[in-house]
Amino acid sequence: MQILCQAKIWLISAGFTLVYGSLFAKTWRIHKIFTNKTSKAVAIKDWQLIAIVCLLLFIDIIIFIIWSQVNPMFGQKYVISTMEAADPRYMIQHVYFFCTCSHLVLWLAIICGIKFVLLVFGSFLAFETRILILLD
Numbered sequence: 001m002q003i004l005c006q007a008k009i010w011l012i013s014a015g016f017t018l019v020y021g022s023l024f025a026k027t028w029r030i031h032k033i034f035t036n037k038t039s040k041a042v043a044i045k046d047w048q049l050i051a052i053v054c055l056l057l058f059i060d061i062i063i064f065i066i067w068s069q070v071n072p073m074f075g076q077k078y079v080i081s082t083m084e085a086a087d088p089r090y091m092i093q094h095v096y097f098f099c100t101c102s103h104l105v106l107w108l109a110i111i112c113g114i115k116f117v118l119l120v121f122g123s124f125l126a127f128e129t130r131i132l133i134l135l136d
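Sequential numbering from 1 applies to the sequence shown in my numbering.
Honestly, the hints are just simulated from the structure, not real lab data. Just so you know, these numbers come straight off a predicted model, no measurement behind them. It cannot be assumed that every hint is accurate.
Keeping only pairs whose Cα atoms sit at most 27 Å apart, straight-line, the calculated BS3-like set for lysine-lysine is [as the list claims (entries may be wrong)]: (1) LYS8 <-> LYS77; (2) LYS32 <-> LYS45; (3) LYS26 <-> LYS115; (4) LYS45 <-> LYS115; (5) LYS26 <-> LYS40.
Between the sequences and the hints, there should be enough to build the whole structure, so can you do that?
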């Protein structure tokens, strides 16, 4: 159960990083190319964009490795209700399983804080490049 609890958070965060990191890298490239003040052409290769996404993913992986070593997630169950079945040897329980750790709010605040900073910076780049004047 512990592995499933950690995998759920890892996959959600990694998915967000891959999707938003790709959009962020493309927006950064457009911003860099079209806000160039010099007459020299700016060429940003695809491998540089992949490196940005990999760096963002690497930051996530480091945080999650530290999290899983310092304060691992574990599953808990909460019994909602219990009733007797038709057969007296059995009981029917409605159980809610959830994942938690002792400092869950702190770890989620760290992850969400990093994602928020990326969202704000990506929004800034998109705002800066919202009006492009293309010369024919």
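Status of the hints after comparison with the structure:
no. : hint             : verdict
1   : LYS8 <-> LYS77   : 17 Å, holds
2   : LYS32 <-> LYS45  : 12 Å, holds
3   : LYS26 <-> LYS115 : 17 Å, holds
4   : LYS45 <-> LYS115 : 25 Å, holds
5   : LYS26 <-> LYS40  : 20 Å, holds
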